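Trainee: Letter by letter, the chains look like this.
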Amino acid sequence: MSNDYAILLGKVRENKPLVHHITNYVTVNDCANVTLGIGASPVMADAIDEAADIAAIASSVVLNMGTLNERTIPSMIAAGKAANDKGIPVVFDPVGAGASKLRNDTAARIIGEVKLSVLRGNISEIKFVAGLQSATKGVDASESDMTDTSGAGQLAKGLADKLGCVVVISGAVDVVSDGSKIVLSKTGIPCWGTYQARDVCVHR
Amino acid sequence: MSNDYAILLGKVRENKPLVHHITNYVTVNDCANVTLGIGASPVMADAIDEAADIAAIASSVVLNMGTLNERTIPSMIAAGKAANDKGIPVVFDPVGAGASKLRNDTAARIIGEVKLSVLRGNISEIKFVAGLQSATKGVDASESDMTDTSGAGQLAKGLADKLGCVVVISGAVDVVSDGSKIVLSKTGIPCWGTYQARDVCVHR
Amino acid sequence: MSNDYAILLGKVRENKPLVHHITNYVTVNDCANVTLGIGASPVMADAIDEAADIAAIASSVVLNMGTLNERTIPSMIAAGKAANDKGIPVVFDPVGAGASKLRNDTAARIIGEVKLSVLRGNISEIKFVAGLQSATKGVDASESDMTDTSGAGQLAKGLADKLGCVVVISGAVDVVSDGSKIVLSKTGIPCWGTYQARDVCVHR
Chain A
3 MSNDYAILLG
13 KVRENKPLVH
23 HITNYVTVND
33 CANVTLGIGA
43 SPVMADAIDE
53 AADIAAIASS
63 VVLNMGTLNE
73 RTIPSMIAAG
83 KAANDKGIPV
93 VFDPVGAGAS
103 KLRNDTAARI
113 IGEVKLSVLR
123 GNISEIKFVA
133 GLQSATKGVD
143 ASESDMTDTS
153 GAGQLAKGLA
163 DKLGCVVVIS
173 GAVDVVSDGS
183 KIVLSKTGIP
193 CWGTYQARDV
203 CVHR
Chain B
3 MSNDYAILLG
13 KVRENKPLVH
23 HITNYVTVND
33 CANVTLGIGA
43 SPVMADAIDE
53 AADIAAIASS
63 VVLNMGTLNE
73 RTIPSMIAAG
83 KAANDKGIPV
93 VFDPVGAGAS
103 KLRNDTAARI
113 IGEVKLSVLR
123 GNISEIKFVA
133 GLQSATKGVD
143 ASESDMTDTS
153 GAGQLAKGLA
163 DKLGCVVVIS
173 GAVDVVSDGS
183 KIVLSKTGIP
193 CWGTYQARDV
203 CVHR
Chain C
3 MSNDYAILLG
13 KVRENKPLVH
23 HITNYVTVND
33 CANVTLGIGA
43 SPVMADAIDE
53 AADIAAIASS
63 VVLNMGTLNE
73 RTIPSMIAAG
83 KAANDKGIPV
93 VFDPVGAGAS
103 KLRNDTAARI
113 IGEVKLSVLR
123 GNISEIKFVA
133 GLQSATKGVD
143 ASESDMTDTS
153 GAGQLAKGLA
163 DKLGCVVVIS
173 GAVDVVSDGS
183 KIVLSKTGIP
193 CWGTYQARDV
203 CVHR
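Chains as they are written, first to last, in the numbering used here: chain A, 3 to 206; chain B, 3 to 206; chain C, 3 to 206.
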């Protein structure tokens, strides 16, 4: 596995893929630096007048609704659709899904209008997206959701199968599923269920 | 005092309060990390379509007008009013008050429409808010204001009494008043009168 | 030269000039800290309702179109014009020029409507601005442009002469020209042709 990872990372460094982020202004600097750190090239562009143009020349598109607003939501949809048209993978991070009507509606809209390659969230956000009862508190996973993770593997697998994408649930133990297999990654860092600049970093 | 502080900090860590920030995009990452660092949970949400909803589930609301604009000013008012309706404390940092008509008008509007628990600024900003002559230069306290701090205690006390809130004047010596007592905190760091990511950090 | 630099830096520290940035939200925190680090005073203000007011009281204005949008483009034009009216120098960084129609149009508009003192970009951006064929990839200089820098000196000189300003091309070797002289600065750091928080930092 560590050898596979080295090969994959080598390919990233060789190809320097352009990663188009429409993301929050809190962790955006970290997102850019992480992207540079793995050898890729970040571009942050959230104006409706260029979101689709930039997505169309990117190697992947990351949509993160951490500080969503009426100006950037249409840009996320436009970038996602432009990526879909070209077969460019889209990663979606439904930050704070469950915490406000705006976030709930936006998460539902993006999942409805954009075909995702990867959906990544904490346990509360993924539970919300899966239509289960959740107890999101702001942008952090709730205590109760973080303690009771017994069903996380099945949750990820079921949602991945339903959406036809990879689902990642971040936490002390990361859960990854493509709809058939479930992989657990024991990072041993519980705070990764809470607010950190890991939005662009599926592997770490 | 240091013992009281330890008890208070322990309570923060125990309760993990959600702190809703509508703040500038310059120091926002530091604000989030400081909030996490003391054991609280930050959420940054400035869209008018969710500002009141998020404020209503928060334990406190921080309004900082560092990079205010026509989109976020109504969100600050909405969040402040929603917090007031629920008895949730509101901290206001009138960054750069005195430097432009927009900042002057916005500071006046927030103070007029939102009941504050804490008003925090540098000496130039607080002088402006108090209706005194000030010489704000951008978002830093002016040299003249920083040198002549003799009246800072009375200024803080008078304004705190008038607004019915705690007033904090940041500088080499921090001045805090609730309208009756005046407390000085000799931090010995003059640059704290200038632009730093201390917006969310009343104690440090 | 190093002595001249020390004298210039001493003057900055003595005068603490106010530097008004309308810049991207990715590197904005670094821009503020670099400005503070050299002894100047940063102010970030991008609302159309204050952009001209703040520019008019600043010692210099920095326009960086890294995360441009329909709200901030008019603010950049307004700040640039207000600076021009008062003889305040304007630095322009056409981030990602060549990567989208919005960026191309905005770069052309700013250069057409605002008199610049300094134009700073990577080789791809400057080639685009000069009307030459370029291969911008997102906000990084392209491989081909970075490898073939033979004409960079003449490019900078010609464009500086045409625009009547200093042109800086950042890269492993920085190229600076005022339209008559060409100065090369061997920093030896190739990645400075790519995305870094150097937008406000002409000398380093």
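Worth double-checking, as some hints may not be accurate.
Because identical chains cannot be distinguished in the list, a pair is counted as satisfied if it fits within a single copy or across any two copies.
[Stated by the list, open to error] Below are the DSS-like pairs computed for lysine-lysine, each with C-alpha atoms no more than 25 angstroms apart in a straight line: (1) Lys-183 to Lys-83; (2) Lys-18 to Lys-83; (3) Lys-159 to Lys-188; (4) Lys-103 to Lys-18; (5) Lys-117 to Lys-188; (6) Lys-13 to Lys-103; (7) Lys-103 to Lys-183; (8) Lys-103 to Lys-83; (9) Lys-164 to Lys-13; (10) Lys-103 to Lys-88; (11) Lys-159 to Lys-13; (12) Lys-164 to Lys-18; (13) Lys-183 to Lys-88; (14) Lys-188 to Lys-103; (15) Lys-159 to Lys-18.
In short, the hints are calculated from the structure, not lab data. Predicted model, so just to flag it, every value in this text is computed and none were measured.
Trainee: Determine for every hint whether it applies to the structure shown.
Mentor: Outcome of the hint check:
In the homo-oligomer, the alpha carbons of Lys-183 and Lys-83 never lie at most 25 angstroms apart, since the shortest distance is 28 angstroms inside one protomer and 49 angstroms across protomers. Proximity of Lys-18 and Lys-83 under a CA criterion of 25 angstroms is satisfied intra-copy only: 23 angstroms inside one chain copy versus 38 angstroms between copies. Taking identical chains as interchangeable, the C-alpha atoms of Lys-159 and Lys-188 lie at most 25 angstroms apart only when both belong to the same chain, with a minimum of 18 angstroms there against 53 angstroms between chains. Proximity of Lys-103 to Lys-18 under the C-alpha cut-off of 25 angstroms is restricted to the inter-copy arrangement: shortest distance 23 angstroms between copies versus 38 angstroms within a copy.
Taking the shortest alpha-carbon separations for Lys-117 and Lys-188, neither the intra-copy value of 29 angstroms nor the inter-copy value of 47 angstroms comes in at or below 25 angstroms. Within a single copy, Lys-13 and Lys-103 get their C-alpha atoms no closer than 41 angstroms, and across copies no closer than 30 angstroms, so neither meets the 25 angstroms cut-off. For a Cα distance limit of 25 angstroms, the shortest separation of Lys-103 from Lys-183 qualifies neither inside one copy, at 33 angstroms, nor across copies, at 43 angstroms. With identical chains, the CA atoms of Lys-103 and Lys-83 are at most 25 angstroms apart both within one copy (23 angstroms) and between copies (18 angstroms).
For a Cα distance limit of 25 angstroms, the shortest separation of Lys-164 from Lys-13 qualifies neither inside one copy, at 30 angstroms, nor across copies, at 42 angstroms. With identical chains, the CA atoms of Lys-103 and Lys-88 are at most 25 angstroms apart between copies only, with a shortest distance of 19 angstroms across copies and 31 angstroms within one. In this assembly of identical chains, Lys-159 and Lys-13 lie within 25 angstroms of each other by CA distance neither inside one copy nor across copies; the values are 28 angstroms within and 38 angstroms between. In this homomeric assembly, Lys-164 and Lys-18 never come within 25 angstroms of each other (Cα to Cα): the closest approach is 32 angstroms inside a single copy and 34 angstroms across copies.
For a Cα distance limit of 25 angstroms, the shortest separation of Lys-183 from Lys-88 qualifies neither inside one copy, at 27 angstroms, nor across copies, at 46 angstroms. In this assembly of identical chains, the alpha carbons of Lys-188 and Lys-103 never lie at most 25 angstroms apart, being 33 angstroms within a copy and 45 angstroms across copies at closest. In this homomeric assembly, Lys-159 and Lys-18 never come within 25 angstroms of each other (Cα to Cα): the closest approach is 31 angstroms inside a single copy and 31 angstroms across copies.
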